[in-house]
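Can you build the whole structure from these sequences, using the hints too?
If you're matching them up, the sequences are chains D and A in order. Residue numbers for the first sequence follow this note's numbering, so the first one is 1 and each next one is one higher. Residue numbers for the second sequence follow this note's numbering, so the first one is 1001 and each next one is one higher.
Just so you know, these hints were derived from the structure itself, not from any lab. Remember, predicted model here, so these are calculated numbers, not experimental data. The beta-carbon is built from N, C-alpha and C at its ideal position, and this holds for glycine as well. Check each hint, because a few of them may be wrong.
[What the hints assert, rightly or not] Taking lysine to any residue and the SDA-like style, the derived pairs with C-alpha atoms no more than 25 Å apart in a straight line are:
1) A:1129 <-> D:518
2) D:373 <-> A:1183
3) D:17 <-> A:1131
4) D:3 <-> A:1096
[To be verified] Facing chain A, a subset of chain D residues (Cβ under 8 Å, in silico):
5) 6
6) 46
7) 374
[What the hints assert, rightly or not] Here are a few chain D residues that sit away from chain A, every Cβ distance over 10 Å (derived from the structure):
8) 19
9) 79
10) 451
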Amino acid sequence: MMKFIHLVQNELTKQLKKVSVIVMIIILLVLSAAYPILKLIVQNISENQFYPAFSYYQNGELADGETYREIQEEMLKNSGLTDKEQALAQQLMDLDVDYYQMCQDYKIGYPDWRSEEMSTLRDTHMLAAVQKMLLDGESVEEIYRAVEGMNYTYSVDQSGTGDDTFLQEMAALPKEDLQKQYDENIQKVNEYYQAIVQNDYVGHLKKDLLPAANENITMLEEQLKQPGLEDTVKEQLNYQLTLIKTEREIIQYRIDHEVMYDPDDWRHNTLLSLYAQTANANESPVTQEEFWDQGYNYRYSSYEQYVESVEKSRKEAEDQIALCEYSLEKGTPMMENNDGTRNLLAGGLVFTLLVMVICIMVGGGIMSSEYSKGTVRLLMLRPVSRWKIIMSKFVCTLLFGLCCMAASGLVQAIAGGIIYGFSDLLTPVLMMMGGAVTEVPFILWYVAAGLFAGINVLFASCLAIALSTLFKNTALAVGLTIFATLSGSIVTAMAMDLGWSWIAYTIFPFYYMGGFVVSGASGMFGTALPISPIYGAILLSALSVICVIVTTIVFQKRDVKN
Amino acid sequence: MAAVLEIKNVCKHFGKKTVVDHVSFSVNEGEIFGFLGPNGAGKTTVIKMITGLIRIDEGEIFVNGYNVAKNFEKAMARVGGIIENPEMYGYLTGRTNLKIYSRMHGNVDDARFQETIEMVKLGNRIDDKVKRYSLGMRQRLGVAQAILHRPNLLVLDEPTNGLDPVGIKELRDTLHTLSREQGVAVLVSSHLLSEMELMCDRFGIIDNGKIIDIKTMDSIQLNEQNLARYHLEVSDIERASKIAAELIPDSAPSIDGNCIDLSATREEVANLNKAWIENGLLVYELSPVHKSLEDEFMDITHGSKTQLR
Chain D
1 MMKFIHLVQN ELTKQLKKVS VIVMIIILLV LSAAYPILKL IVQNISENQF YPAFSYYQNG
61 ELADGETYRE IQEEMLKNSG LTDKEQALAQ QLMDLDVDYY QMCQDYKIGY PDWRSEEMST
121 LRDTHMLAAV QKMLLDGESV EEIYRAVEGM NYTYSVDQSG TGDDTFLQEM AALPKEDLQK
181 QYDENIQKVN EYYQAIVQND YVGHLKKDLL PAANENITML EEQLKQPGLE DTVKEQLNYQ
241 LTLIKTEREI IQYRIDHEVM YDPDDWRHNT LLSLYAQTAN ANESPVTQEE FWDQGYNYRY
301 SSYEQYVESV EKSRKEAEDQ IALCEYSLEK GTPMMENNDG TRNLLAGGLV FTLLVMVICI
361 MVGGGIMSSE YSKGTVRLLM LRPVSRWKII MSKFVCTLLF GLCCMAASGL VQAIAGGIIY
421 GFSDLLTPVL MMMGGAVTEV PFILWYVAAG LFAGINVLFA SCLAIALSTL FKNTALAVGL
481 TIFATLSGSI VTAMAMDLGW SWIAYTIFPF YYMGGFVVSG ASGMFGTALP ISPIYGAILL
541 SALSVICVIV TTIVFQKRDV KN
Chain A
1001 MAAVLEIKNV CKHFGKKTVV DHVSFSVNEG EIFGFLGPNG AGKTTVIKMI TGLIRIDEGE
1061 IFVNGYNVAK NFEKAMARVG GIIENPEMYG YLTGRTNLKI YSRMHGNVDD ARFQETIEMV
1121 KLGNRIDDKV KRYSLGMRQR LGVAQAILHR PNLLVLDEPT NGLDPVGIKE LRDTLHTLSR
1181 EQGVAVLVSS HLLSEMELMC DRFGIIDNGK IIDIKTMDSI QLNEQNLARY HLEVSDIERA
1241 SKIAAELIPD SAPSIDGNCI DLSATREEVA NLNKAWIENG LLVYELSPVH KSLEDEFMDI
1301 THGSKTQLR
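Written as structure tokens, this is what we have:
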């Protein structure tokens, strides 16, 4: 045993004194230390970048209000509308251009609650304008042509049918009712406008959004009470009802806890995620006919597989909802919703790929260089069995990889802690375990996640050493291993394009196990492939063991001829 | 005298080709055994089989009584070697290189480590990187790694390759010291015969994978006592050759300028010299043409297709 430790020590000595290895270690550590800083810089840049709620890019540059007007006027001129229709369209266009200008005047952009409300404001205003036209006695046909000619259909028509049904319906209303709707819309426009101009989010929530949600809920509930509804319609209404109820809860929570629209506030992020996941959790699969008609079959090999994947993402979404609710209730920020050290470290698992490259470099030359330099002869006439020599090389490379990962993680934690604060490291990670939300200490989670991500390092090292021993050629060993590991994303994407779902059972989708930890299987490749990270972990580990066994047997039997 | 290394009927095939064909010999304690043969005769293959680098197809090899194929670690425990050039890790210092090898033995303490460095006279260059060493220094480091763990069998494959005369002499002296003073058995292979002559007690000649002959150095030197060829230079070659022909009738002389080469016993040559001087001739040179290992070797491998370089 002592002798074996000495052998490993020898291998480490040989590797750690190589200039190439030292340079790679320095690069790894420098990047690890710079990673939190780089992330911060990138964040600052993107935060300072202005993405207006309404934008039109001409030759790669954001058009200002004046340019936008000219473009729209040009379009109007070439629309082939009659003068009368043009005059109607002009009214809608003026609104469009005004609100376009307003985004730039008030710096309304993403991410900002106002940017979300801007389209409601503009669309409501346009709808009101159309209603005014009807009240003024314009013909449905002319209005429709004006709306369609300038591509405003989907702004004005909130039912989204795309034809003039909505105009017909409005025209059919008694004049008083239409007038009432018009007045309500104008009032809504005024309220939204005031809220946006004053940037008064809480006021907007209380005065506008909460009542609107309540109203919607009452309306939907009434609709559901109507007798003789078709099942599909019922399903659709229930879906909307669930979403709006969630929205109301979120609004209420924001008001009660004064949660602003602020991406730096983890509660805000959690609420956004809660809403998105509620939508996912309540989505039901399309019917078999729709599956074929709407082109789903290009992404899924069969209808059953599609249904299965919808079911799977529904379950994932339900878990996420439970986690979000627990997080808000206990005041424990979830890692992905809180821009802190934990989130930074989780993203930093990507450094396992760099460690993998270093290990491929070390492992790919560990045996072949002994052959090419001739040192293998002096190595093997020692009173040491061959299997010990080859095993010491495996152990050395893996130990080296583990140390690199630990060192990188530690450097990231220190650099990240200095920037984002160390206290975040003490916040537990929330996980679903056996159907219940469980708090796991972050350090424990991080070590486990690191080891899981480290399976890539294990496999790459074992493969590189195996090829290095079998072919006695460093370049070949390194090249083939790089292909078998790092090309995974390209190969998987290509296979998905070709509809080869069997790619899910090869090593290729599992080139970065850390990705599964951070964003889950669906986050890596969507839901189209039946990819299981656990399967991947078992596959890679089993292949690593096979590499070790084959290499040991071959090395044990082979003559040293050079 | 106990046999440290015993090779019994060893064979090796590379594909259909038989590279080593029923080779048997043994090397005793305190003995330097030369292993001679032209390039490609199978010397290195035999040496690699002794050190476990190449598997043994047939036959057995024992080192200190342990079977190399079955009990490798014990058999190798007291073996040191240099196979072809002693290639080291060039980017490491000489000391680190030695440290790596010493860790693989387990019986090398610091005192022995230091002693070895002094023995091979690497001095303060031991802490330089090996890639900056001269060939001679590398060879000395190679010797150091071979003797570090006090082996009682040294296996050296072409150790004089590329060494200058000083280096060769150093190596020879080291080997003599080890075998005479510490009783180390040494197996040296070479195709440079003149070197072997000065180094070995016994030698085996291998050609085409077969041991052709095993001789002791003494038996060759004994031959020299009897009939040998001599090279002489005198002032008057005509008179001299006439006298020589009278004195030694079947001497098969060959004349070249003022020189004459002939075969004779020691006594006959001495008498010839005396006769020349009494006849007023000046004798400038009288030297034996060595009936040396090389000649023996040429005689033995005569007719073999392989050419000696």
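Going through the hints against the structure:
Between residue 1129 of chain A and residue 518 of chain D the alpha-carbon distance is near 46 Å, which puts this suggested pair outside the 25 Å criterion. At roughly 33 Å between alpha-carbon atoms, residue 373 of chain D and residue 1183 of chain A are farther apart than 25 Å, so this suggested pair is violated. Note on residue 17 of chain D and residue 1131 of chain A: the hinted pairing holds, with a Cα-Cα distance of about 14 Å set against a maximum of 25 Å. Taking the CA atoms of residue 3 of chain D and residue 1096 of chain A, the gap is near 17 Å; set against the 25 Å cutoff, the hint holds.
Annotation: residue 6 of chain D was flagged as interfacial toward chain A, and the flag holds, the nearest CB pair being 4 Å apart, inside 8 Å. Because the closest C-beta pair between residue 46 of chain D and chain A is about 45 Å apart, greater than 8 Å, the hint is violated. Given hint, residue 374 of chain D at the interface with chain A, holds; its Cβ is 4 Å from that chain's nearest Cβ, closer than 8 Å. The claim that residue 19 of chain D is not at the interface with chain A is violated, since a C-beta of that chain comes within 10 Å of its own (minimum 7 Å).
Residue placement check: residue 79 of chain D keeps its beta carbon more than 10 Å from all beta carbons of chain A (closest about 76 Å). Interface exclusion of residue 451 of chain D from chain A stands, the closest Cβ pair being 30 Å apart, more than 10 Å.
Figure legend: structure checked against the earlier numbered hints; hints not met, in rising order: 1, 2, 6 and 8.
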